[in-house]
Structures are given as structure tokens and as C-alpha cells.
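Assemble chain R onto chain F, guided by the hints.
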Amino acid sequence: SQQGEEDPQALSIQEGENATMNCSYKTSINNLQWYRQNSGRGLVHLILIRSNEREKHSGRLRVTLDTSKKSSSLLITASRAADTASYFCATHHSGNTPLVFGKGTRLSVIA
Amino acid sequence: EAQVTQNPRYLITVTGKKLTVTCSQNMNHEYMSWYRQDPGLGLRQIYYSMNVEVTDKGDVPEGYKVSRKEKRNFPLILESPSPNQTSLYFCASSFVGGGYNEQFFGPGTRLTVL
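Protein sequences, first through last, are from chains F and R.
Going letter by letter, the first sequence gives residues 3 to 113 in this note's numbering.
Going letter by letter, the second sequence gives residues 27 to 140 in this note's numbering.
Since the hints were derived computationally from the structure, they do not count as laboratory data.
Treat the hints loosely; a few may be bogus.
[What the hints assert, rightly or not] Which chain F residues stay away from chain R? Per the calculated CB distances, all over 12 Å, these:
| # | residue |
| --- | --- |
| 1 | Leu13 |
| 2 | Gln16 |
| 3 | Gly18 |
| 4 | Asn24 |
| 5 | Leu50 |
| 6 | Arg56 |
| 7 | Lys71 |
| 8 | Lys72 |
[Unchecked claim] Under the rule of at most 16 Å between Cα atoms (straight-line distance), these lysine to aspartate or glutamate pairs were calculated in the EDC-like manner:
| # | chain 1 | residue 1 | chain 2 | residue 2 |
| --- | --- | --- | --- | --- |
| 9 | R | Lys91 | R | Glu105 |
| 10 | F | Lys105 | R | Asp64 |
| 11 | F | Lys105 | F | Asp9 |
| 12 | F | Lys58 | R | Glu128 |
| 13 | F | Lys105 | R | Asp85 |
| 14 | F | Lys28 | F | Glu7 |
| 15 | R | Lys95 | R | Glu79 |
| 16 | F | Lys71 | F | Glu57 |
| 17 | F | Lys72 | F | Glu7 |
[Said to hold, decoys possible] Stretch by stretch, here's where chain R covers chain F in the computed footprint (C-beta under 8 Å, at least three residues):
| # | segment |
| --- | --- |
| 18 | 30-36 |
| 19 | 95-109 |
Here a beta-carbon is modelled for each residue, glycine too, at the ideal position from N, C-alpha and C.
This is chain F alone, in the form it adopts within the complex:
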């Protein structure tokens, strides 16, 4: 399966701390995307990083990509209670193949 795997499955931190989530995949990619899902709601796109990029930032989010290790990480700095959600990585492997989503990391930020 090409499905990415997030690690850890669940993470609980205090407000103000940083949260790091990892994603590993098995075959080469065109891009890797991170999405957030609040409980039972639709996914919201956070960041897209292409295979020739190593790092991208968006506000308090930082995404890194290591294609040699086939892995990516999402760092949320200075977390807030509102960051509580599930975070999914999704990989695009080639051509018109669809995005393949991992099973997600459940992040709980405790105020």
C-alpha cells in the first residue's frame, strides 16, 4: 500500500508547547500535503510541499520533507487549544493518481 503512516497516533500537550507529528511513506512522491480535521468535520488543507522542497512555513506551521528517508514532519509551534484536531498527511505519487491519506494523528492541546 502507498498509504502514509502518521506517528504518533495520538499526542497530548499543554497549551504553549510545540507539537511534532511525523509521516512516513513507501514510494516516491510528487508532493506531500498536510490536512487538519476538527472532530467529524471536513478536512482543511494546511500545507503542500513538493518533492524538490525541503521545508515550508505557514504561520505557526513548519513542514519538512526528507525524500531520502521518505518522511515528513509537521511542527506546530506555540500550540493553542484551538489546534486540537486530527492531522493527516496525504501523498501524491505520480501523474493522475489520487492523493493517498494516512490514518492521522489526534492532537489534544490542553489549556
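Same frame as chain F, now just chain R:
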């Protein structure tokens, strides 16, 4: 407002009673897709459409049908629903096909088949 809409948001039905979940996007996106989300299994793609009149099976197409007669609409049809189709369903769209771009997701439809 750019968005993907789905209806209904919640549906309880009985085995064998045909139903349709509608999906519409107002962003002129070529690509549309249906996913189901189940605990422990993540998001799995049911069907997708690269453009009008072009549809293809995803990972779990059994028991579902779709059509793409207009660019903005991509309904999901369950001809004879069964309890194993109880799930949370999402429609998504993107500017072009595959995973080249970010996908925009609808709010979800929670379906229960008794």
C-alpha cells in the same frame, strides 16, 4: 464564498432503500472525489472524476455509483445500501486531477444504514 457543499448532512436509512448524496462545488474545479472515513481505516477513496463525463473507481467502489454530468455536481448513489456502508462520507474537489493541488472538502455526510 468558495466551497463544497453536501446534502444531506445526516441520514438514517434502512437496508436496500436507494439514496443519493449530493455534492456541489462553486470553484470551477475539474477534479472531484468521494471518500469514506471509518475509525481505524482513515480516508478511503470511493470514486473520482477528472472532468465532466469522466469517472473512475477508487479503492472501495463496491456498492456505489457516481455520475458527472455537470462540472459542479458529483452525486454519490447507493442503489441498495447495506449496514457496512454506515460511515462518514466526504466529497472533495481540486483545480486539476490527481494530487497535484490541494483538495477542498465538503462538511461531510454521516450515513447510518439499519
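Worksheet item: Hey, Lys105 (chain F) versus Asp9 (chain F), does the alpha-carbon distance stay inside 16 Å?
Response: 10 Å, holds
Item to complete: Would you mind confirming whether the straight-line C-alpha gap from Lys91 (chain R) to Glu105 (chain R) stays at or under 16 Å?
Response: 8 Å, holds
Worksheet item: If you draw a straight line from the CA of Lys105 (chain F) to the CA of Asp64 (chain R), is it 16 Å or shorter?
Response: 10 Å, holds
Discussion item. If I take the minimum Cβ distance from Asn24 (chain F) to any residue of chain R, is it greater than 12 Å?
Written reply: 16 Å, holds
Worksheet item: Is the Cα-Cα distance between Lys95 (chain R) and Glu79 (chain R) 16 Å or less?
Response: 6 Å, holds
Discussion item. If I take the minimum Cβ distance from Gln16 (chain F) to any residue of chain R, is it greater than 12 Å?
Written reply: It holds; Gln16 (chain F) is separated from chain R by about 27 Å at its closest Cβ, greater than 12 Å.
Discussion item. Taking beta carbons only, do three or more residues of the segment 95-109 of chain F come closer than 8 Å to chain R?
Written reply: holds (count 11)
Worksheet item: Far enough from chain R: is every CB of that chain over 12 Å from the CB of Gly18 (chain F)?
Response: Label holds. Min Cβ-Cβ 29 Å, cutoff 12 Å.
Worksheet item: Is the Cα-Cα distance between Lys58 (chain F) and Glu128 (chain R) 16 Å or less?
Response: Given pair Lys58 (chain F), Glu128 (chain R) holds - Cα atoms ~15 Å apart, limit 16 Å.
Worksheet item: For the pair supplied as a hint, Lys72 (chain F) and Glu7 (chain F), is the alpha-carbon distance within the 16 Å limit?
Response: 11 Å, holds
Worksheet item: Are Lys28 (chain F) and Glu7 (chain F) close enough, with their CA atoms no more than 16 Å apart?
Response: Status holds; Cα separation ~9 Å.
Worksheet item: Does Lys72 (chain F) sit more than 12 Å from chain R, CB to CB?
Response: Holds, since 16 Å exceeds 12 Å.
Violated hint: 5 only; the structure is consistent with all others.
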